[in-house]
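Sequences listed follow chains P and C, in order.
Residue numbering for the first sequence follows the numbering used here, beginning at 4 and increasing consecutively.
Residue numbering for the second sequence follows the numbering used here, beginning at 835 and increasing consecutively.
Check the hints yourself; a few may be wrong.
Stated by the list, open to error - Taking lysine to any residue and the SDA-like style, the derived pairs with C-alpha atoms no more than 25 Å apart in a straight line are:
| id | chain 1 | residue 1 | chain 2 | residue 2 |
| --- | --- | --- | --- | --- |
| 1 | C | Lys1155 | C | Asn1166 |
| 2 | C | Lys1163 | P | Thr254 |
| 3 | C | Lys1099 | P | Arg656 |
| 4 | P | Lys699 | C | Thr929 |
Just so you know, these hints were derived from the structure itself, not from any lab.
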Amino acid sequence: MPSSPEGMAFCRDATGVANRSHMFAWKLLITIQARALVAAALICATTSLVCAAHEISYFPSFYPQEIRIESLDPAAAAREFVSKTDPLHVYLGGAPRFTGQPPAHLKSIASLKSLIVAGVNPQSSRMQNRDARCGAIGQAAAALAKQPDIVAHPFPVTPYHADYLSHADIVSAPKAATSLAPLTFRASKVQSSLLSPDVNVHATNWDIELGEVETMELNRQAGANFNAWPAPPWTKEGWFQAFHLLRPSVTEAKSRERADTILDRLTHGEFKDLAEETNLQRDLLGTLTAGCERAVVGYRLRTEFHNDDFSNGIEHILVDSQSGFNSPVVLRAVKLKDFFWNGWLRVGINERPAAAWNPLAGFTDAPGRLIWATVADNAFYPIPTNSRWVSNRAEIRQGDESSAQRSIPIPPDALIPQPRTGSLVPVGAGKGATAKVLYRVLASAFQDETVPEAADLLYPYALAYRWGADENKDSTYDPDISLATRLMRERLRGVKIIKVEEIALRVADLTFTHRSPIVEVYLNNLTSDEQQSALIAPPWSAVPWHVLALMEAAVERGIAAFSESEAKRRGVPWLDLVRDPAQLVKFRALIKEFAQTGYRPAALETLVGPETAKARWQMLDKFVEEKGHVLVTNGPYRLKSWSAESAVFDVNREFTYPVGLGTFNGFAYPPRALITNVEQADNRVLVAVDAEFAVKEQRDRRIVRMPLRRETLRDTLPIQTMPRYVAISADGRVAAAGGATRLPDGRFNLSLPPKLPAGAYTLITAIFLDGNTINPQIGRIQYQSK
Amino acid sequence: MDQKVDRRSFLNQLGVTVGAAAASAVPVIGPAEAQTASAPKGKIPDTPLKMGHMTFLTGPAAVLGEPSLKGHILAAEEINAKGGILGKRKIETITADEAAGTDANVKELRRMKLSEKIDMFTGVISSGNTPALGPVAEELGLLTIFVDGCTDFLWDKAVPNPKFTFRITNIQSADGVTCAVAAAQTWPTAKKIAHIHPDYSYGRNAFDHFTLAYKKLVPGAEVVSEGWPKLGTTDFTAHITKAMSANPDIIMSSVWGGDYVAMYKQALRYGMFNKAKFASTIAFGVAPHAIGKDHPEGVIAGVHSNYYFTYPAGNRWPANKTFVEKYHKRWNEYPNFQSDGAYHTLHMYRTAVEKANKLTGGWPDEEAIISQLEGMYFETAAGYLYIRPDNHQGYKDAVTGFSKNVDAYPFQILDPNRMITIPIRNITAPPGWPKPGSGHNDPTSTFNWIKETWPQVA
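Take these sequences, add in the hints, and give me the full structure.
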């Protein structure tokens, strides 16, 4: 389909006729409408209100002007932190190896690194019945080594999971060694780092084997790679991780079936209220652990250090509860002390990059996640302090109809990809969905200077269906893409770009125009949680369609494979857009060929004309010529240089980049509520709390504690409160769960249901401040309902 | 204007002072917190006094907004500790994030007045916002004192005849003129000027006013290089080397904030500060602790013409000493010009209410309060603030100074013994001077006034 003379792209309606109402033209991303030529103030005085002083209310992208990521072993990191000329700012993945105490100018923050699991030896004669297995597992936590980073915790949901409150009554202290026969643990190198030195070990005749599974690896196995594909909404929830950790070890078919059913209900939102949802989560955990084949007995913390020096330190940093400093939001909030913005950030990481750098099934190791998080944007990001997500490049718009629990007609001209081919075809008349999500997509130019079009937003859907749908179709199937896109493919029912909004951004006397597609996505998703629906299949691509098509062509022609497993199976290299010179030569040849032919994938033939395609390939060719790689994104940083050990990124300060300084700062130094009293007054339960939070003072922060009042400010902003409680009846079932109202004196009155049946309840509660659910202080009271 | 005077005489006429002296002489007035304080007259309601304070709470300009809110909170806490204004009405502040954008800010101002029923509105940093908010405040009849938003355009065009709106910051043109006067005073033989300015209105304004004033003060002065880094530039190398290659006597800049820090750190690598003198309108126009000790010493480091916490030093100006001590005690940091502005805005309002109460009894209406604000001389940490009755603009002596490292602070400061002050009335257009579009098309009234009335010194 040719472009119009004005450079606008068209799409076709259901009959294939060009439809002007479907013009997607956010081609011209930047227009400077009022530019000072002689004297800006003259314009100010004679035209419109475009005056400004020095202050800039919006600044694109994030604080550092350059980010340098280096692989450093712990000893090297310790040395680099004290470098006189170019000190390290932050070290990811673990602690540096200091000789003696850490230097005074360093600070550290802990996050959940891994879950420690105990598995029973099915060959052990002592472990053949359930009671023996449960008894052994119950004792295993007590055998853990007494190390500062190891926490004995015999339950799969930890205080670093946002759903901890829902299970806090079940979590018990590790049992001391009992009168049971002493356990024998498997002797291995891994075990020795986890076990107390005084336990029995044996190489073959063992009862219990300990293992350690990093939560990020667990998420990867669950299909959440944090690369180009959306992660499942529940990625950081304890019950979700427990399912993927323990389900493979469940031996009873009935238990496996029951666990699958409960998971299905939880992920489809099949529950009527919070109490039922909580009961389902508890039932799932109970089912997974009932046979005592495998269980979580503890967890390990990751302690990461950052520089706090007055000049060379970091003023503003946050930590993700589970990925630590290796989080996209961390990179988007980190600020150097010597700079209001800008500066050269030096990041060390304790691993060498091993995974290939491709956004579809690469970037799977810790350095890869960090590099992708630096160079590219995703539609949403996990919030560091809970298990919700925050908008980045897609905003959820309030729709015109309630999407929950009823059928919504899908416009016949909405598009849906076809399995195997990926062809985008109209949904057709008479189709319905159970959910509709309306998005405003924050578009911006790609780094090869191509401007986004409809094809860029739609092509990831096509690719997911083409490469993820049919495992029997050998040439176009990749198991990693299949796993990562399973949720999307299961639930997507249609997508329609309805218009493009223009928003003028005025910065002093300059005006920039942001063009944002408004997109409807139709899903079969029953949840009433609009954010959860929005995470299933957001209309977003961090890379342009022509780079996706290049990767596809490279795989189809046997140059490489998307994923590591498929590369091994096919005997070809793992596709790398940057670091494999041999692949790059072949990519260049493909690009030149496609620039000649105007190649575009079959799925895009109705959306992209050959001339437009030619222009895209030519732009990409120019980019590769200049930059020496094909990692083209529309993200906040650009890859500038790299080696086997490091990568350097330059900031994108184009004012058409739509996310700016300070966007994620609120997640840094999260406040915490400390419960000072829980009391029953008639039928009410009242909770009093103090707030503990960091106060900014010059370039530092000081922790203060004070009674939480409505007017309590955290720096300059009021503290948002989210009270939660769970009422558990004598039989262990959750009878009610909910929030609380705020009383004038600052206390919280738990919103217990008026018809809570008479009886005794264990009531557990926590108050989350500014969304911080991590390591909450939990209040408990025995409540008598009359 | 072909009148010829010598430079020293003219600078004396302007009232330029250099050194540690305090501000220019005006009537004796007490410090902010103590100015007027006697038993109120008549019946005073004890309902809270609702204030709206809009400032940048997020985004890059939060480096200015945060000190503003801190200054406001400090003043409110002081007033409330004494029972409130007139001993009865405690202040309740509703904050709004100015980063929401001009249109949203206008809506928020209306909401604050119509839904929250605020009694007074204050704050506002951005010059893009004051011209939009000023007319709305007038329409709503809402007493408003802008802490900043310093564009000349507010009074030149947007609200040419204000009744309810006031502003206490110096106007933007003063930045360039102050810098020019300071540079001419300090380096009178420097004739070759290289410029590096951000390529938007502030940079143009600074360039225009500096160049005009400097050429009046230094005969034969010429612009030898212009660099206009695009907004968002992180690599200033080309502009630094271009300026240096012109062999200037002075490099003058209005690059601000994180851009300025990136620029000066890059300039250090090139030895730029050793090749020429350096003068800035706004290098220190941020929170004091923000400037590192690697910043070059001895450069003219402007503070947006308003206030720097080290001046007047010691006991020379007790109002400053007291303010800095109180601010530091409350926030464990040092105030900047936004802190000073927001703090004294509230105390100035309190003083106006107390004075009006003496005249009218009871809680005075807006008209009575406005009548007390107009023409008020008010002692602030920065010196005397005079509210001009005709345009409701606050005038403080302009101030700039020289960067210096001292042991007492872990950051670089302005040397309190080398401060330069200029009575603001001598570098801004007087009342009634034609506004742009009324007889001239110069960028500002002040620009036209300087062009037309300042002599070319010999």
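Hint check:
For the hint linking Lys1155(C) to Asn1166(C), the alpha-carbon distance of about 15 Å falls within 25 Å, and the restraint holds. Distance hint between Lys1163(C) and Thr254(P) is unfulfilled; the C-alpha atoms sit about 65 Å from each other, more than 25 Å. A distance of roughly 19 Å separates the Cα atoms of Lys1099(C) and Arg656(P); the hinted pair therefore holds under the 25 Å criterion. A distance of roughly 18 Å separates the Cα atoms of Lys699(P) and Thr929(C); the hinted pair therefore holds under the 25 Å criterion.
In terms of the numbered hints stated before, the structure departs from hint 2 and from no other.
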